[in-house]
Structures are given as structure tokens and as C-alpha cells.
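4 protein chains.
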Amino acid sequence: MASFRNDYSEGAAPEILAALEATNLEQTVGYTEGDPYCERTRALVRELVARPEAMVEFCIGGTSANLICVNGLLRDWEGVICAADAHINTHETGAVGATGRTVLATADSDAFLSVEEAERVWRRQTSTGRHMTLPRLLYLTDATEFGGVWTRGRFDAICDWADEHDCAVYVDGARLANALAAPGADLSLHHIARRAAAFTIGGTKNGLLFGEVVVINHPRLKEAFPYLQKERGGLLAKGRLLGVQFETALKDGLWLRLASHANEMALAIRAGLEELGFTPFSDSTSNQQFFTVPAVTGERLCEAFGCEVFDKLPDGRWVVRFVASWATQPADVEAVLAFAKALG
Amino acid sequence: MASFRNDYSEGAAPEILAALEATNLEQTVGYTEGDPYCERTRALVRELVARPEAMVEFCIGGTSANLICVNGLLRDWEGVICAADAHINTHETGAVGATGRTVLATADSDAFLSVEEAERVWRRQTSTGRHMTLPRLLYLTDATEFGGVWTRGRFDAICDWADEHDCAVYVDGARLANALAAPGADLSLHHIARRAAAFTIGGTKNGLLFGEVVVINHPRLKEAFPYLQKERGGLLAKGRLLGVQFETALKDGLWLRLASHANEMALAIRAGLEELGFTPFSDSTSNQQFFTVPAVTGERLCEAFGCEVFDKLPDGRWVVRFVASWATQPADVEAVLAFAKALG
Amino acid sequence: MASFRNDYSEGAAPEILAALEATNLEQTVGYTEGDPYCERTRALVRELVARPEAMVEFCIGGTSANLICVNGLLRDWEGVICAADAHINTHETGAVGATGRTVLATADSDAFLSVEEAERVWRRQTSTGRHMTLPRLLYLTDATEFGGVWTRGRFDAICDWADEHDCAVYVDGARLANALAAPGADLSLHHIARRAAAFTIGGTKNGLLFGEVVVINHPRLKEAFPYLQKERGGLLAKGRLLGVQFETALKDGLWLRLASHANEMALAIRAGLEELGFTPFSDSTSNQQFFTVPAVTGERLCEAFGCEVFDKLPDGRWVVRFVASWATQPADVEAVLAFAKALG
Amino acid sequence: MASFRNDYSEGAAPEILAALEATNLEQTVGYTEGDPYCERTRALVRELVARPEAMVEFCIGGTSANLICVNGLLRDWEGVICAADAHINTHETGAVGATGRTVLATADSDAFLSVEEAERVWRRQTSTGRHMTLPRLLYLTDATEFGGVWTRGRFDAICDWADEHDCAVYVDGARLANALAAPGADLSLHHIARRAAAFTIGGTKNGLLFGEVVVINHPRLKEAFPYLQKERGGLLAKGRLLGVQFETALKDGLWLRLASHANEMALAIRAGLEELGFTPFSDSTSNQQFFTVPAVTGERLCEAFGCEVFDKLPDGRWVVRFVASWATQPADVEAVLAFAKALG
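Residue numbers (numbering that gives the first Met the number 0), protein chains in the order written: chain V, 0 to 343; chain R, 0 to 343; chain H, 0 to 343; chain G, 0 to 343.
A hint or two may mislead.
Unchecked claim - Calculated pairs, BS3-like style, for lysine-lysine (alpha carbon to alpha carbon, straight line, at most 30 Å):
(1) 250/R <-> 221/R
(2) 340/R <-> 311/R
(3) 311/H <-> 340/H
(4) 311/G <-> 221/V
(5) 250/H <-> 221/H
(6) 221/R <-> 221/H
Treat the hints as calculated values from the structure; they're not laboratory data.
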């Protein structure tokens, strides 16, 4: 049966792979520095986000993008506030910390960074002057680690708070396409691009072999990014591979179609499992769906579909995750539902 | 006309790309952690290097591999001795330094680290106890930054010195295939694998889209590597892309055929230009060839063939570089020679 | 009125200062490397702690000692587990993080690191292999940040847990003398020295102008310490100042008499204030005493005695701290009690 | 016989020690944050340097001051150009590098950073864009590591070059008093304070127990310094000790008298030894004097006077150093000369 372990189990969407093949023998300069694919994609992204002055760069992966951006947006003694389950706090082996900056996690339990918790952490950190790390950045993920999608209202509230507290905002968009394409989503790419100091548009989890676009508004990060990317080992020699892939994905909406498909597949699982009496763990409208299930059910789902166990609760139940991708087929979804039904 | 700027101007060798296509829709786990391609390639590399106990890992690029390995082989206050033109000293924006380790460059001017210079730097650095960075690692590049190939005698001499001075040896093999395939080369893969604490086998410059294999003998680096790779943002989500590419390259000698071809093309340029009276800058038997030329000649070669200017000498002459790749065609070489002849 | 803000408000105990004067014009070599005062003190400490093989070094201050020891006991991707209020987590501006190591705070609210919380954090951090920082060290403070003193039972329990989980134990002894001299204390210096990988004996807060002794059992920290101390800017040129001061403090028990006095003064405040109906915030038997008071009371105490406000509770009350030192006089204590009584 | 090993062999000048005694039992707040001694000294320094807007801070030692200032004046991928023998390059165990910044040493052999060498290193480092560390700071030492004193002309030339190349200038003044008090010195404190982004006024080597004043003009270092100092473990708890000592030293010219005395003693050695036919190694007009001597002479001088061997030349001769301090007596100088005469 198909795996629902994650959205990077397959290679690339066929259109992306075809573009790599078509351009394979062309010679270009390296490092994303001046080849026509990267240059055209930069222009395309600036148009898509409606920020003609933005710097547009390309990273190999999300952790690399995150550590470079957080490092470049902060000085040595400054910190970034994020929710407890933020990717930089839980799944990047201290990558931000290894660049000398501090991750300041809140107690938010739903992966959305709240104004209340940001305020609480900020007050604590600024209560003794130079004796504590100074918060100067907020880290948001959209869609969140639990599949949630930021609304415009929620996003504006945290951005307003950030403005008032001299903090910049960085949006980790590893699954940004899924957020933008989610049913009911009201936060636009233009609006994110208007308020964030920098944000990423993920490709790895949306049908590229690899790659993240980084959009940068912040003047100091514009200066920092090219150097930091090389210094941190994150600059791809054959840089045009990123340009070729993203141009293909972005130029006629392919990226949103891929994400939309992944969302639909995941939401079909959710609808079907809810009908069967399964309990969603989080309010997700995107391509990750979490369910709280008895341990025995969890074990069987994991075995059958490669689900990740996200948590084992004190009451013995498990939180398991289904992730759909651009490559998930309706038949795969049906297989899940049939299997779940058979479980009783 | 074809560019001779570097050996990563094109995409991937056709066999490599075909393997990516053939496996594109398969689902595997990520991060090089357990997919069949990476696992088979690990076994294959252990056989090729005749080190059944070696750890075999996969990096996205050379700078990432270098910074992880040097970091993991040293402690915070220790340093790595290398030749002045070593890649880590000149083209990685302080990447090793950014991980907290110190690069200690010698005055060697031919890109080979010499025993004499290693000794001189070591004596200086150990003359005042804890007041100076302690050298504990040597960094070699094979083929070197100037195309030179380490002989077994030269390699053993520096490894012997390292043993006597409690230093480990790391070999940056970004162009290792070119070194192994160079005419007259007498230093074997087995021997490198026997004496180096760790070394890389480069793919980026030898027909892969990207990727370096890292072979690790050193116990502490074995512990360190998996964590450091993630912490430094160097772990690829779709890890099997590295396994697929390297399995194809390594399983039946393709990697050496690709490198051998690149060497031949470069040596044909060298032979032809020498016949025309050009002066080689370094003694290179591999796919990079350097010539010392009048500035005006340099300008025209750079314009026509995308050569890099490696240095501008005090006497006004330029050092220009031609790099051939797996994709270079005999006609491309002929075009260079015809152009050079026409220059007079 | 006398300040109770902290135990480093004054200069040095008269005996210490006299020793500095007596030796002032002597010439010695620098950096604690071989002068007779440091050498004799090293021997003295080894005797006091009954560890003839221990390395004994001298730091200028506590943050410097902590960052060097935690750095040297961990590798780049490893972390140290500590209570939420641990000094390294709350009052050192990310100093440990700035050396590239990660602080992993538990939810312990009483400044004692508990086995339960250590276990919880350890499980979380080891649940996804290399994707999270690996805990390899526990950080304890004795006396704790809230004045608590570790019992032998509690200490052995956490050390046993550490042994079972391949973690070392580091004890920040900025106020170790106060802990050892506290009424009812049953954890001996010998026992700490037997189980800790390293620990400090604080001088700054116990009558020296400045200085902490570091006692090191751990082989890798023994190698690391001398270099790291210089690399981190923590090596004093006129090193013998540390030897002179600590020899005076340690040679005939002065350090314990100074701490004992400070404890007595603080406990007299506690007894007196409790009698007046004040509510202690923590169970402290050492020279720091915390009380939960109405805000208005808090304000007046702070104004009169320089107390620090440790927290402002949601119910509006304040937590204020009194710290007594070697220099606190009985009359100063009486002044506090009289003032408190007058407050009503 | 008296040691001439260095200028930090003794404790403190009597006036300094007396001031510490006189204030010993006063209670002040810690961390140099608001005690009257530090505050008055700040005002005094601003007057002395004629920079009413300067930030004035206090460090425990020179390495701590250097690593904080260089770190704060640079961003992660930037570097500091200095002469080969600069203290940060040779005697601080990679302390600047450990904060993530890069030391870029020139080939200057006399410890003065020259315009020519700064230019050469700058050209090299800026020749490939983001692939190399970007120089943005110059590090000078006055008096230099070889006792040389910067003239105003030489200083202005390097500062002009720095201005033209968007580099800031940092002056390590560990022996600034000796430079200012040197016979013939024409570079004033006011002028240094006008042109340097930051500089230090050393106390450790000029009669204090320890301590360096840091004078900061650069806006970003003003923001950075307080946090970085704590983060790097360089903030003294009993901060007023620095204020007390420096107020005493600076308020009526004591610091210059102490330095002047040290210079005179050293120059008397130089004059005497030159008369005896000894060969000075460097052109020093301050309190360090270097001589190139036969090895056998070197051995005997080192044995008798604790001289440091600075170098052992290829021709077998040694370079030995005499350092005089505020505490050196004329009789000590006479002893050197008599001894040297007896050597023949």
C-alpha cells in the first residue's frame, strides 16, 4: 500500500523532472549566480509576491534556509521566539543554536505562535537587561507543523505585536503552497510578502527534487544572505537546477495545483476517518492530518501506511500522522479508508 | 563555443539522469536513512574502498562535507593545517571557521601540503602551549586545486608525519575520480582509505546533479557525522536521490570512465597549447589545466571559453584555467586549439 | 541601611585582602601556570576533595566557568539538561548557546533538577535520532538559585539516573560553601567530587574579590579546559591573584566560616520574618531567602534593602529576595526585622 | 634577580591597592552597572578622550575585550585584517575565530599593519564575491607586540585606507599608556579616539590587578557590547573593582606616570645593552625591548631574568625580550647591565 509517511517520499513531479531533462546538457554558470533559469525565476517570484525590491534566493533544503535566515536576521546575543513545536525547536538538531542564535520556545501547544505567549516570553527575556537573550524575531510556520493554516486575522495580530516590540517576522513556508491552497484560506501571498522580513516557498515537499525559495525584504538579511549561504555550506554548485525546477513550478500555477491536490487527498482521508469515528488531533485544512487513536490502531496504521507516531499520550493513545503529497492517488486514500473501516 | 569554466556547468551524465527518472515515483523513507539505494551504495562503497567497517554517508556538496568533517574531527580549540590554496582556506567563506575550528594555512604555493610546511606551522602553534590553536588535522585535496595528483610516496610521507604528530588526515576528494584516473597515478583508493581518517568521493564535479560520498574511519567522526550533518543543514530530505545517483556511478566503473574522459579532454588541451608555446602554470595530470598567458590572451580566452582567471601576476601576465568535464567533446577541444592558434 | 541585594556587594573578606597586600610586590609567572600560590592551592583542593587525580583550575567568574565546562563536556550537537531556573538558562545571556551547545530546560519549578523531568526531556530528545539535540550532561546548582540545598539522597538519585543515561553531571557551585555549611546538610564535598564530572567552588559570592575554583574529573574536560579557558577569554594574566585568594580562603576553613555566617544571617531573617507572618517562597536553608509578599510590601523592602524582585505573580504578589553575605552584620538583620514589623 | 618576563608579574601599584582597601566594605550594585566608581570613571574617560558621546565599558582582560569588540564590529561572514604578529592572531588560541569571525593576517613582519599589506589582503578577499570572508575591520596594537609606537602619520595613513575601503579600525591598547608616554610619541589619545571605532586602555600591564577600559564610538558596537560581554563570560560581578582601580589610575595622570617609568627602565636597558654591543631586534621606544643574541647568551639571560624567547632564528640566534613594568627598579636595570657586561 502507498505510504503516507511524508510528502517527500517520491522524486519530482513529472513536469519538473522533464524540465531538468530538457536542460540537462546546457552549460550555465554555477551557484545560482547569473544563469538564465535562476534569473528568470527571481523575476517571476518578485512578480508573484508583488515585491519588486525583494531579494529572491534559492536554498537546497528547509533547515539550511531557516538557519541562514534566522542567523542573518539576528545578532549574536539575540533570539527568535517560536511555538514549542516549531520545526527549528524540535527537528533541526539545534541548527539555529549552532549558528550562535537562541531559540526561545513558548508554551503554545497547537503550533501557532500566539500573541499571549510571545508577550510572556518577551517580558521574561527583557526583564533583566543584558543578562538574558534579547528577542528580536518571531518564527512562524505556514502551514504549521500540525497542518494548521494561518488566517489573515491571526497573522496580522502577531505581526502587529512584532512591530510594536521591535521584532521581525520570519515565515517558514516549507508547506506554504499547501497553506495558500487550503480551502477557506484568506491569507494571501502578497500579504505575507508585505509583512514578513523574509519567508520561504517550499519546493521539497511540493513536487521538486529539492529546493526552497527565500524571499527577503529585510535590508540586513539582503546583505547577509549571499555570504551566509556559502559560509554555512548551503550553496548549490549547479545552482541552475533550482532555477529550472522553480521556474517550472511557479510559472503557470503548477505549484498551487500540486499542493491543492495534496490537500484534497489529505482532507478526503480526514473526512472519511471522521465519518468512521476517528478523532482529529488538530484543526488541519492542509495536507497533513493527525488523529488520536488507540495504540493498537496506531500500530496497525503505521505498519500499513508508514504513518509517523507524533506523540504517545499519557492516556495510552497515540497521535498518528497521514501526509498526502502531489503523488497521492485517490485509490491510495480509498485504501486507507477501507483499511480503517476493517479495523472496526 | 563550449565553456571550460568548470566541471559543473552541465546537469548529470545521461546514465545518472536515467536512474533518477526510473526511480522517480517510488516511495522511500527520507534522509538517506534506510532507503534501498543508499543502503546498497553504502555496501558498494565499503567494498570499493576495502573497509568493511567504514561509515559511508552522503552530502549535498563539498563545502558541506568539508565543514562537517573538519568540525567533527577536531575539538573547539583545535585547528587543521592545509596548503595556502586549499579550498577550505580560499573558497568557502570561512565555513570551517564558522563552526568554531581554525584553518592554519601553510606557505605551500603549489596546493600540495608539504611535510616541511606542516612541520613549521605545527612548531609555531605548539610553541606556547594553550595560548595557540592546537593542530590536530591535515587537510589534503586530491586532485589538488591546481590539478596536481598525489603520488603514493608523497601521500605516505605526509601521513607518516601526521601519525608522528598526533594529527588525523582528511582528504577532500571533490575531484578524487580525476586523481585516480589520471595517467601515471599510483595512489590507490584502497590506500587512501587505509590512511585517511575520512575522505570524500566527489560527484558534483563528476557527472552527478550533486553529491559527495563521505567515507569515515575515525571513531569520533562516526559518532558525530549524523548529528552534525543535520545540525549544519546538510541533510537532504529526499536522501535516496544521492543513493540512486552514486549507485549508478559507482556500480560498474562509470565514475572512473567519466573522470577519465574529462582528464583526456583536459590533457589534450594541455598538449595542444604547449605545442603552441603556451606555458603551463602547474603540473596537472587531471581535468584542470592552468596556463600563464599575456593579459590580452587571457582576456580573449576567458571571453571565448569562460575560463576563470586564477591570478594576475605582478609581471602583468594572467593565470587562466581550463576545466574539462564528462560532457566535454573532442570538438570543443579542437575549438580551443584552433582559437589559440589563431591568436598567434 | 545595609543592602541585601546580593552577596557580591562588598569587596573581599579582610583576610583575603590582607593576603593580596602581603604578596603584592612579589613577581610570579602569569596565567595560573606555575606560580607557587596556584600550585599550592591546587594541591590543597585535591586534598580537600580527596581526589588526587583531579585537575584544579581557576576561573574569574561563574559564567566563564560554566560556559567553559559545559562546552568542554559536550560535543557540538549535544545538550545539557537543567531546571527551568538554572543560572545557565536564565541569567547568562545564552552564554552556553554561544559556544554552540544547547541548554535543554525542564519544567522543574523549584530549581532542583528532578529525575522525572530529566527523563521526560531525555525521552523527547532521543525520540527521533539525529534530528534532535542529544542530552549528555546534567547541570545542577548547589545551593540552588532559590537557596535550596541538595541532600545526598536527591543528589545520588539524579547521579544514578545520569549514569544510566550516559550523561555526565556538572555542579555549579557558585554558592557551594553555603550549601556545605547549611544546617542539616548531608551531602559532602567528597561525595560531590566522587560523582560529578566537574564542579566549581565559588569565591565571588563568598568573600573573594572574584574567582571560582574548577575541579575536573572528566578526562576530556581535562584536555579541553586549558585551551578553552584561553580561547573563551577567561584566563587571568595575573593568575596568582586567584591562587593567593583561594589559598587563604581554603587553607584553614575560612571559606566555610564565611559561608556559615552568611547562612546564619539569612536564616535569622527568615526566622524573624516568618514569626511576623511572612510567607517563604522556597525551602532555603542557605544565604538566600525568598518571600512572597504583597506588592506594596515588596516595594518598600526593595527600596529599603535593595532586595531583588524575583517574580511578580499573577495574583499581584511579589517574590522578593534577601541575600546575606560574609559581611552582613547582626544589626543589619535587626534593621530588617524592625522595618518589617513597622510595616505591619 | 628581578624578573623581566613581563609587565604583569607583580600585583597592583600601591595607590591602586590602597583604593581597593579604602572602598572594600562599601556596598555597591554589581556588573559595572551604576556603582559610583564606574560611573565617575566613565565620565572621566569621556573627558580624557574628548568624546562626550563615547560609550565607556570595563573588561577583565585583553583577550576578553578583543573578542567582544571584534565580534561586535563584524557580522558572521566578515573578517579583521591584522599584522602577522598581532596578539589576536598569535596568542589568543583562536578566540576571535571561536566567536565566528575570521582573522586575516598579513605578511607584515614588524607588527605594524601596513597599508600595502592591508590592500593586498583586501584585494584577495574581495576577488570572488561571497566565496571569501569579507574584510571590514582593521586591528592595530599600540604599542605593538614588538614595542613599536604608532606615529600620527602612520596611523592616519592606515585609517585613511580603512575609510576608503569601508573598514572600521580597532586599536588594542593593552600597552596604550606606554605608547602615549613613549619619548617622541606624536599620536595623541584624542586623535586615536577620533578615528578608531573602538579602542582599549589597558590596565593589567600598567599597574592594575586587572582590567581594560573599552572606549566605543561605533553605534553597532554600542548596542552589542553590554550583551556580548555577558554572553562571552566577560562581565565581572563586583564591577566596581574596575571603576575603583581605573578612577585611581586615570584621575591625576598616575597611569601615564606608571607607564613612563616602565618605558624609562626599558629604554635604560636598551641604551646599556646597545652600548655593550647588543643588537636590538625591533625599533621599540616603549617598555618592551627585544634583542637578537647568540643562543648561549639568550639562555643565560632567560635563566637570570626570566626573559621570554621570542624567536629562534634560522642562523641559530635567539630573539629575547625584556619587559619593564611600573615596579621595575633602577637597581634591577643595573643588574641586567652588569650581568650582560660580565657575559662579555
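* Violating hint indices (sorted, rising) -> 4
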